[in-house]
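Here the protein sequences line up with chains A and B, keeping their order.
The first sequence begins at 1 in my numbering and counts up by one.
The second sequence begins at 1 in my numbering and counts up by one.
Don't read these hints as lab results, they were simulated from the structure.
A couple of the hints might just be wrong.
Said to hold, decoys possible - Selected chain B positions facing chain A (in silico; Cβ < 8 Å):
#1 T6
#2 P56
#3 D59
#4 G63
#5 E205
#6 Q208
#7 K220
#8 H221
#9 L223
#10 P247
#11 T252
#12 V261
#13 W297
#14 A310
#15 A311
#16 A314
We put the CB at the ideal spot given by N, CA and C, even for glycine.
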Amino acid sequence: MPPPDSRYGDDVDLTHSAAERALADELRAWLADAVPSLPPLPAHDDLRARRAHNGLWQKLLHQGGWAGLSWPVEYGGRGASPTDELIFLEECFRADAPAVDSNFVGLLHAGPTIMVEGTPEQKARWLPPILRGEEVWCQGFSEPGAGSDLAALATRAVRDGDEYVVTGQKIWSSYAHVADWCELLVRTDTDVPKHKGITWIAMRMDSPGLDIRPIETIMGSGEFCEVFLDEVRIPLANRVGAENDGWRVAMVTLSFERGTAFVGELLSARRLVHHIAELARLVPRAGGSAWDDAGIRRDLARTAAHLDACWSLTKWNVSEAARSGIPGVGGSVLKLQLAESNFDLVRVGMRVIDHARVALEDAEIAGAAEVVMESLRAFAVATGGGTLQIQRNIIAERILGLPKEPPWTSS
Amino acid sequence: MDFQLTSLQVDLQEATRAMARGLYPSARLHQMEREGLDRAAWDELAGAGVFSLRVPEADGGVGLGSADAVLVLHELGRALVPGPLVWSHLAAGLDGCDGVVGGLERPGPGATAVVQHLDALDTLVVVDDEGVWRVERPASLEHRRLDPLDPLTPVDAVGSVPRGVQVAGPEVAARWRVEGSALVAALLSGLALGACDLTVAYTKERKQFGRPVGSFQSIKHLLADMLSRAELSRVATLAAGVHLDQPEVGHTERIVAGARVVAGEAAIENGHRAILSHGGMGFTWEVDAHRYLKRAWVLDATFGSVDHHAAALAELL
Numbered sequence: 001m002p003p004p005d006s007r008y009g010d011d012v013d014l015t016h017s018a019a020e021r022a023l024a025d026e027l028r029a030w031l032a033d034a035v036p037s038l039p040p041l042p043a044h045d046d047l048r049a050r051r052a053h054n055g056l057w058q059k060l061l062h063q064g065g066w067a068g069l070s071w072p073v074e075y076g077g078r079g080a081s082p083t084d085e086l087i088f089l090e091e092c093f094r095a096d097a098p099a100v101d102s103n104f105v106g107l108l109h110a111g112p113t114i115m116v117e118g119t120p121e122q123k124a125r126w127l128p129p130i131l132r133g134e135e136v137w138c139q140g141f142s143e144p145g146a147g148s149d150l151a152a153l154a155t156r157a158v159r160d161g162d163e164y165v166v167t168g169q170k171i172w173s174s175y176a177h178v179a180d181w182c183e184l185l186v187r188t189d190t191d192v193p194k195h196k197g198i199t200w201i202a203m204r205m206d207s208p209g210l211d212i213r214p215i216e217t218i219m220g221s222g223e224f225c226e227v228f229l230d231e232v233r234i235p236l237a238n239r240v241g242a243e244n245d246g247w248r249v250a251m252v253t254l255s256f257e258r259g260t261a262f263v264g265e266l267l268s269a270r271r272l273v274h275h276i277a278e279l280a281r282l283v284p285r286a287g288g289s290a291w292d293d294a295g296i297r298r299d300l301a302r303t304a305a306h307l308d309a310c311w312s313l314t315k316w317n318v319s320e321a322a323r324s325g326i327p328g329v330g331g332s333v334l335k336l337q338l339a340e341s342n343f344d345l346v347r348v349g350m351r352v353i354d355h356a357r358v359a360l361e362d363a364e365i366a367g368a369a370e371v372v373m374e375s376l377r378a379f380a381v382a383t384g385g386g387t388l389q390i391q392r393n394i395i396a397e398r399i400l401g402l403p404k405e406p407p408w409t410s411s
Numbered sequence: 001m002d003f004q005l006t007s008l009q010v011d012l013q014e015a016t017r018a019m020a021r022g023l024y025p026s027a028r029l030h031q032m033e034r035e036g037l038d039r040a041a042w043d044e045l046a047g048a049g050v051f052s053l054r055v056p057e058a059d060g061g062v063g064l065g066s067a068d069a070v071l072v073l074h075e076l077g078r079a080l081v082p083g084p085l086v087w088s089h090l091a092a093g094l095d096g097c098d099g100v101v102g103g104l105e106r107p108g109p110g111a112t113a114v115v116q117h118l119d120a121l122d123t124l125v126v127v128d129d130e131g132v133w134r135v136e137r138p139a140s141l142e143h144r145r146l147d148p149l150d151p152l153t154p155v156d157a158v159g160s161v162p163r164g165v166q167v168a169g170p171e172v173a174a175r176w177r178v179e180g181s182a183l184v185a186a187l188l189s190g191l192a193l194g195a196c197d198l199t200v201a202y203t204k205e206r207k208q209f210g211r212p213v214g215s216f217q218s219i220k221h222l223l224a225d226m227l228s229r230a231e232l233s234r235v236a237t238l239a240a241g242v243h244l245d246q247p248e249v250g251h252t253e254r255i256v257a258g259a260r261v262v263a264g265e266a267a268i269e270n271g272h273r274a275i276l277s278h279g280g281m282g283f284t285w286e287v288d289a290h291r292y293l294k295r296a297w298v299l300d301a302t303f304g305s306v307d308h309h310a311a312a313l314a315e316l317l
């Protein structure tokens with residue numbers, strides 16, 4: 001590992017160093033024992049069981065010394081480089097290990113925020129249970145009126161003694177009904193510009209005054225929830241950072257992005273390419289199989305090419321983060337290209353499975369349902385963490401330096 | 001793993017960019033449409049080591065690798081530098097292959113051979129399954145001048161291609177097909193970025209409704225897509241170059257074919273978008289937007305097309 005301020009290396013290098021290979025070997029050996037010891041993954045919509053399963057996996061990771069790989073050593077992590085993190089994600093995927101799933105917000109969002117902005121007491125209280133898989137965090141950022149324009153959030157917190165009294169509504173909170181804590185953005189000052197009156201607080205999810213309802217998505221039920229807050233009382237001691245400084249606190253999390261944010265989605269998509277190729281060889285078509293169709297072969301190969309390129313871009317972004325310590329501008333480009341390639345891929349998949357697309361379960365062709373479900377999930381991948389339109393605005397304004405759009409008027 | 005440029009590579013990239021812009025400003029390119037390939041500018045490229053880049057130092061070359069060649073050709077594509085760049089680069093170091101070297105895959109029996117830049121060529125190389133063959137004084141071949149699509153890529157139909165003198169064996173021919181694909185991909189990725197550069201500059205300047213058209217979200221999003229296509233193909237093509245230098249990483253064939261697909265699509269799509277984003281001006285000869293699209297179309301017909309490489313990649317899935 002070069003020092004983080006070193007801008008250049010000796011070689012542009014896609015091979016793994018001896019240390020990187022050793023890490024991969026050690027991990028592979030551990031995964032070969034750990035993964036088969038897990039009970040089977042619960043059903044997609046049994047969120048309580050999924051939480052328990054995720055917790056068990058996180059506990060195993062912790063016992064094995066793999067929890068919070070990229071967390072600093074002082075907080076119980078291994079202080080691994082972005083490249084090591086990429087190897088970890090790749091090996092876990094290869095071994096069919098569970099995804100981070102319900103532990104995502106704790107491990108990759110709330111936890112890192114608390115590490116930087118929390119008091120010693122807050123760190124001691126909140127970080128260890130995240131690492132051990134004992135406490136699950138959810139996110140209370142988006143609101144019905146604050147999506148792409150997140151800073152327009154209106155959930156109001158008013159001080160009453162040593163508590164905030166919070167009323168409002170949050171949306172898209174994954175696993176909210178099975179979570180222990182919520183990283184919550186609230187409005188504490190309505191008389192200042194929108195970014196300046198926001199505060200970051202941690203809310204217990206068993207607080208009185210909370211009403212949590214699952215959102216019915218285009219895939220049916222899932223992990224997304226709406227959270228209604230009616231005079232929920234939260235101790236001032238749960239505030240991270242200063243009052244009205246919550247926008248900056250929330251943005252700190254972004255500095256933890258090391259180019260690995262979309263690795264899971266990308267690896268899944270690359271696996272789906274091969275799944276669709278296999279299906280195409282099996283699905284009968286006029287005396288042969290769907291694979292005899294040159295159009296299908298070519299279109300699938302096109303998406304494979306784009307997804308391979310996204311994988312190269314991931315390596316580029318991760319290497320850039322390893323050198324500079326900060327994420328480059330490649331993240332928005334990757335998100336956009338990955339989302340579009342994913343759509344292209346599932347469209348080919350639908351053509352391959354043909355009539356079998358009409359059901360969400362395998363009837364005619366084994367393995368077809370996965371294509372159908374992925375065709376729907378592709379929209380969640382595209383929209384989660386910022387719509388494609390917002391990614392395009394970021395690229396146009398921050399990378400290309402195009403002028404800001406003038407305020408909209410009806411005249 | 002450290003998939004970032006070295007300081008030497010950044011220097012190489014910046015020096016190539018400066019040289020290409022200096023030798024081939026837009027006005028000069030327009031002149032060359034009438035005057036043909038600028039031999040002095042070509043000699044400067046050669047003197048800077050563009051063609052001998054991968055020839056070992058012991059043999060009088062620069063001794064760099066395929067990733068470096070990709071970076072150089074990306075910058076030349078971005079600046080619309082004309083000429084048989086890939087063939088001259090591949091042939092560098094071969095016996096009797098100095099100067100301006102063009103090339104082609106040996107056409108099947110009865111097929112018409114189309115040679116690019118025939119008038120400017122010192123040597124023509126022909127690739128087939130048996131190896132690489134050198135044809136002297138190609139301009140003396142019986143030929144018919146065609147009206148070229150790309151104003152800076154003259155094309156001639158050649159009656160018959162002589163067998164020539166063998167200068168390399170089948171393993172070199174096979175390697176050239178892969179390396180040539182990666183190098184054409186590098187030129188295409190450069191075209192994709194050049195078309196984006198041109199369009200960004202124009203939409204920042206061009207005012208309608210009292211403001212730069214680049215401030216409208218419809219234009220911004222189109223440009224964001226152009227940049228992300230160009231960026232993806234730049235990285236994919238660099239990865240292809242690194243795979244050629246480090247075959248132990250594996251899947252070289254798949255990565256090169258994939259880079260060629262991504263870069264070919266990006267160059268053609270960005271060429272389209274560049275013309276459209278210039279409004280009526282985009283349809284004029286004067287504005288360079290059409291030059292990017294035409295070059296992309298012509299380049300995509302060399303060393304296999306997007307479709308050819310997609311079909312090849314499908315066989316690896």
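Numbered hints the structure breaks, given as an ascending list = 2, 3, 4, 5, 6, 10, 11, 13
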